[in-house]
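Just so you know, the sequences run in chain order A and B.
Going from the first sequence to my numbering is simple: count from 1 and add 527.
Going from the second sequence to my numbering is simple: count from 1 and add 283.
For the record, the hints were derived by calculation from the structure and aren't laboratory data.
Take these hints with a grain of salt, some might be off.
The calculated lysine to any residue pairs, modelled on SDA-like cross-linking and capped at a C-alpha distance of 20 Å, are [claimed, not checked]:
(1) Lys560(B) - Arg319(B)
(2) Lys563(A) - Ser421(B)
(3) Lys332(B) - Arg319(B)
(4) Lys563(A) - Lys560(B)
(5) Lys375(B) - Arg516(B)
(6) Lys462(B) - Ser790(A)
(7) Lys563(A) - Leu420(B)
(8) Lys563(A) - Lys375(B)
(9) Lys563(A) - Val417(B)
(10) Lys383(B) - Arg319(B)
(11) Lys563(A) - Gly418(B)
(12) Lys560(B) - Gly768(A)
(13) Lys563(A) - Pro774(A)
(14) Lys560(B) - Gln772(A)
(15) Lys563(A) - Leu414(B)
(16) Lys409(B) - Ser806(A)
(17) Lys563(A) - Trp410(B)
(18) Lys597(A) - Gly614(A)
(19) Lys560(B) - Leu420(B)
(20) Lys332(B) - Lys560(B)
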Amino acid sequence: MTVTAAEENNPGVLQPAAETAAQARRETLRLIVGSKTVWVGTVILAFWIICALFGTHIAPHDAYQQDLLKHNARPSSEHWAGTDALGRDVFSRVIVGARNILLVAPLATLLGTILGTALGLTMGYFRGLVDDILSRLVEAVLALPLVIVALTVLAATGTSNIALIVVIGLVFAPIIARTVRAAVLSEREQDYVTAAELRGERAPYILFQEVLPNVLPPIMVEFTVRVGYAIFAVATLSFLGFGPQPPSPDWGAQINDAYALVSAGFWWESITPAVAIASLVVAVNLIADGLQRAVTQ
Amino acid sequence: MTRFILRRLGMGLITLFLLSVIVFWATTILPSNPGRAIAGPFASEATVKAINHDLGTDRPIITQYRDWIGGVLHGDLGESYAQKRPVSDMLKDALGNSIKLAVLAFILVVPLGIFGGVASALNEGKWLDRLITVGGLSAAVMPEFVGGIVLLSIFALWLGWLPVSAAWPPGTSGVEQIKYLLLPAMALTLVLFGYIARITRAGTVEVLHSDYTRTAYLKGLPRRTVILRHVLRNSLLPTIAVVATQTGYLIGGLVVVERLFNYSGVGLMLFNATHQKDYPVIESSVLLIGVVYLLATLTADILSAVLNPRIRVGSDAG
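Using the sequences plus the hints, can you model the full thing?
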């Protein structure tokens, strides 16, 4: 499948102007690998993924082990980030607590991306009434901040990882659909789509076999950007008490438990998970930013 | 222009209707049994039934929606399950408090964001530009409580300048209240600063590279005059629209910030209601947030159209 001729006549913003698709891919890859910000982001992200996978083996202490004689202890050589109100090692809880957020956020984004891509392909390809109706629905969902929608639904369904994944995924779907729709709209005018239509191919074939591969780069960028937002949302919801329930270690929940103690001087119990969240969010955004640059260049 | 505004208003109304259906669905249909939720797992079946009957939650769904939306349109938002008070009364107090906080946040963030953006643009590519751009965007993607905790540790604990909680004692004067509101407003400022600075920077860079700016310099006007008279006047147009959009984002952040600083605004009210399963309060506050958000985006769209005639044509893309 060559799209070069079509590109020359109608240079899409999303298509790198290279001679062949393979060359374009290599060029994009070179830009991604050569980007310093992507490297920094990847190293931080890799650290947290290792913690999520092997946290219980890496952590210097047992994340659940209470020691009431040493509660609210300052950071020391034994407890690098001090202990919390129940005498548990704060640093170990942050290491082990990486697992939940790194499980829920990507899964939620994946669900949203799959649904959103299907929706966006349909909207962009059929246009007309289907597009109008779906667009209004998308707008209604977007009229509420993600955290507010999630709070409302979780209040009704109760807290669980599945509920979190489904809610965030459902809210992301229309947002991602919008990006995909825009990409499909410009792709739809290309000659290869007309050719497929003239061959008498059916719509699902054209959408998934012909159009989808060509709109994958923006979808991948959108996925990475959304993972950042999902981490934001998951952390916020667990801070608001709609995450893993005690005693499971979780960053947002840790801050929720400990922030009232900041005024008593026990800042390390909140600052440590806050720094963890900050580093993870920044890492994902650095990667997303690098990908975006590489794809749009 | 009038046609554009009317169309935009019409679309806004449709969106609002859909929003009300979504809110109603989430708060009335999703929780299968509000009576059970209120009475708890140990109450008898008869008690649960009686509660459901009192609340009217045993009636057909369409009737419930009609009654609810009819009431909302007449200003009757129902009664809180938890507090046995009209929701409209609770909402009025909470909204007043939230507006105070939001206004203070904007008073802080708008000049700071514009200043940061212009400073960034004037030093394009230098370290100050990178610092403002990267720092601002990093802060913007961080959940509000992360920045809030850091600010709390610095200003309330370490320096001891500001109070930990935003809940001021009764009888605090208006000026004194600002001291209590500064920390939560700063937490919101951290998140909003990056966006405003980025848009201002983009606008300013564009104007700085324009022909008329070069002409102004070539005319021999001093740098200060060029920047104040020519650059700022044009570069701030996109910023105005962004500030309107930010109002919507701000509302989402209020839940977290008001909870963190224990400030009784709409956000804290919604937070408490979700934990108490107080559905009438959830419905009304979420709907209110949606309305504010829609109004904010509507204002942003109209402002952009007024300021930039090119947008008026082909505005249906999106």
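Structure-based check of each hint:
no.: 1; hint: Lys560(B) - Arg319(B); result: 11 Å, holds
no.: 2; hint: Lys563(A) - Ser421(B); result: 16 Å, holds
no.: 3; hint: Lys332(B) - Arg319(B); result: 8 Å, holds
no.: 4; hint: Lys563(A) - Lys560(B); result: 48 Å, violated
no.: 5; hint: Lys375(B) - Arg516(B); result: 38 Å, violated
no.: 6; hint: Lys462(B) - Ser790(A); result: 17 Å, holds
no.: 7; hint: Lys563(A) - Leu420(B); result: 17 Å, holds
no.: 8; hint: Lys563(A) - Lys375(B); result: 50 Å, violated
no.: 9; hint: Lys563(A) - Val417(B); result: 14 Å, holds
no.: 10; hint: Lys383(B) - Arg319(B); result: 37 Å, violated
no.: 11; hint: Lys563(A) - Gly418(B); result: 17 Å, holds
no.: 12; hint: Lys560(B) - Gly768(A); result: 13 Å, holds
no.: 13; hint: Lys563(A) - Pro774(A); result: 39 Å, violated
no.: 14; hint: Lys560(B) - Gln772(A); result: 18 Å, holds
no.: 15; hint: Lys563(A) - Leu414(B); result: 16 Å, holds
no.: 16; hint: Lys409(B) - Ser806(A); result: 24 Å, violated
no.: 17; hint: Lys563(A) - Trp410(B); result: 16 Å, holds
no.: 18; hint: Lys597(A) - Gly614(A); result: 5 Å, holds
no.: 19; hint: Lys560(B) - Leu420(B); result: 36 Å, violated
no.: 20; hint: Lys332(B) - Lys560(B); result: 17 Å, holds
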